[in-house]
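Chemist: Basically the working numbering = 1-based index in the first sequence + 12.
Keep in mind that a hint or two might mislead.
Unchecked claim - Using 25 Å as the maximum straight-line C-alpha spacing, the simulated DMTMM-like pairs for lysine to aspartate or glutamate come out as follows:
no.: 1; residue 1: K94; residue 2: E71
no.: 2; residue 1: K479; residue 2: E433
no.: 3; residue 1: K94; residue 2: D200
no.: 4; residue 1: K94; residue 2: E239
no.: 5; residue 1: K129; residue 2: D68
no.: 6; residue 1: K327; residue 2: E306
no.: 7; residue 1: K452; residue 2: E484
no.: 8; residue 1: K380; residue 2: D342
no.: 9; residue 1: K380; residue 2: D324
no.: 10; residue 1: K479; residue 2: E444
no.: 11; residue 1: K380; residue 2: D268
no.: 12; residue 1: K479; residue 2: E425
no.: 13; residue 1: K380; residue 2: E282
no.: 14; residue 1: K94; residue 2: D68
no.: 15; residue 1: K479; residue 2: D324
no.: 16; residue 1: K479; residue 2: E437
no.: 17; residue 1: K327; residue 2: D298
Claimed, not checked - Quick list of the computed label-pair ranges, beta carbon to beta carbon:
no.: 18; residue 1: D244; residue 2: R103; range: 22 to 32 Å
no.: 19; residue 1: D200; residue 2: D268; range: 31 to 41 Å
no.: 20; residue 1: E59; residue 2: D342; range: 44 to 54 Å
no.: 21; residue 1: E112; residue 2: F201; range: 11 to 21 Å
no.: 22; residue 1: D148; residue 2: D200; range: 24 to 34 Å
The hints are simulated quantities; they were obtained by calculation from the structure and are not laboratory data. Ideal placement from N, C-alpha and C gives every residue a C-beta, glycine not left out.
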Amino acid sequence: MSVRVRFAPSPTGYLHVGAARTALFNYLFAHHFDGTFILRSDDTDAERSTAAFQTDILEHMRWLGLAWDEGIEVGGPHGTYKQSDRYDRYREVAMQLLQEDRAYYSFVTPDQLNVFKQRARNAGTSPAYDGTLEPDPSQISRSMLEGGQATIRFRVPRPGITHFIDMVRGEMVFEHAQVDDFVIMRSDFTPTYHLASTVDDVDYGITHVIRGEDLLSSTPKHILLTEALGSDRATYGHLSLLMGPDGKKLSKRHGDTALSAYREAGYVPEAMNNYLALLGWSPGDDETIISVSEMIERFDGTSISRNPAVFDQGKLAWMNGVYIREMSDDDFIEVAQPRVEADLGRALTEEEIGSFAALTPLIKERTKLLSEIEGQARFAFVAPTTYDEASWSKVMETPEAAIALDGATAALESLENWSTEAIDEALRGVLEANEMSARKGLQPIRVAISGSTVSPPLFESIEILGKDETLERIRRARDLLT
RNA sequence: GGCCCCGUCGUCUAGCGGCCUAGGACGCUGCCCUCUCAAGGCAGUAGCGCCGGUUCAAAUCCGGUCGGGGCUACCA
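Please take these sequences and the hints and turn them into a complete structure.
Modeler: In structure tokens:
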């Protein structure tokens, strides 16, 4: 039987890093076994589901490159892959379960349930609802059923035990005394997650359910339902949760969790996938940088870590830098140029495009986040109007500043061959003549042309800027010296 | 409270009874390289939560304990 896995986010929020990791693992697992990766929308929560979140999820799945073989928008043999389009099916299943007495109309009120649970808590026993608060079936009147207050609950067999082998955790045993008679249909006759998700997994022929650990305790419910439907259970695998630096479940208050935020901050999808893959999975050797295709080759569902992982932005950033440095210059320019143009508020001219190409290798290796590019490149297209304050006071308010600037002007003015090598030689000549260290003598020039003590390499930068512009910038800075 | 999961450097992890004086990566520190910043090279830093048990031998197996997390909705 071929592998069929699904990623089934509910559109009640944007795609976040934890969900993205779950999606990735499903994707890798499917591809490793030449199976099918399905994207489904578990949108049974009408209150909180929005089209905007749905769009965000699809957009960022695509951004990551996690293409799905079946599912939302791409279609397949099972309709739209949106649960909100399948309410008839869930109702049909619910009615069938009712008929078979595997489910029952429940009249317990939230208040009653609270009392029930609190009492169990006080008594130190299981708080799972076992149906004991329901009226005798003979006393259920038509008006009660039509009052719109009844939910439908699954009748969990008691006593009983559900036992399964979790892909990542091994043998799991749940006593039914710990499992609620859970609601499968709300009082408004809409299905709950447990029902819809399980029915879909059955109907879609899902073989492996790989999801977050938060659903681990719900698994007995899903297995019980599946078997009540007369179907074979899937294999389940529960991934540990992602944590914030404080060890708590990762959430907004830890900073960015939305994929969109990472995308906007200048992370590349390759780095995101690589980092996410290593959060809870190990390729087996000491490999750290690993491509998606290598992951597919090695990801067989084993070697998944059971312990929760802290999401470390620092390491992600490092990895992002690795991927950016590995980009070809052309690829880099493709993503970088639009950023630079947006920063400038105009398109680059032919000549400037040439300058930027020359600058590319210099800034590429200095970029961790794509969003840093424009700041690094700006000096090449617009002269500094202000100078970084700390930089200025550090190198311009020194006795060497004027000497260095004047020396540079003289040396560069007479320079015929405007090349990095020639500029290097000319400027070093100035240093020598004035017995200045490169550190002292070159920094004022750097600040004059870039506005800061931190910039791409000086000689290359000067070559790219051109003679006139360079001399002009040095002169302007020189005029500001007291 | 009940049930469940988890526990190796600060972080992600390798480790599946002897190969471990515990390996790699990020971070951090120092040095080298060097026109700044990066990148790179080298070196260093730091860990098996604790207590018992099994065994000739335990990070690895067992029990307990402590700590962290999840679930406990007509959310998913």
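Chemist: Hint by hint, note whether the structure agrees.
Modeler: Cross-check of the supplied hints:
| no. | hint | verdict |
| --- | --- | --- |
| 1 | K94 with E71 | holds, 16 Å |
| 2 | K479 with E433 | holds, 14 Å |
| 3 | K94 with D200 | holds, 19 Å |
| 4 | K94 with E239 | holds, 23 Å |
| 5 | K129 with D68 | violated, 38 Å |
| 6 | K327 with E306 | holds, 20 Å |
| 7 | K452 with E484 | holds, 21 Å |
| 8 | K380 with D342 | holds, 17 Å |
| 9 | K380 with D324 | holds, 15 Å |
| 10 | K479 with E444 | holds, 22 Å |
| 11 | K380 with D268 | holds, 17 Å |
| 12 | K479 with E425 | holds, 8 Å |
| 13 | K380 with E282 | holds, 13 Å |
| 14 | K94 with D68 | holds, 16 Å |
| 15 | K479 with D324 | violated, 45 Å |
| 16 | K479 with E437 | holds, 15 Å |
| 17 | K327 with D298 | holds, 16 Å |
| 18 | D244 with R103: 22 to 32 Å | holds, 24 Å |
| 19 | D200 with D268: 31 to 41 Å | holds, 36 Å |
| 20 | E59 with D342: 44 to 54 Å | holds, 48 Å |
| 21 | E112 with F201: 11 to 21 Å | holds, 19 Å |
| 22 | D148 with D200: 24 to 34 Å | holds, 25 Å |
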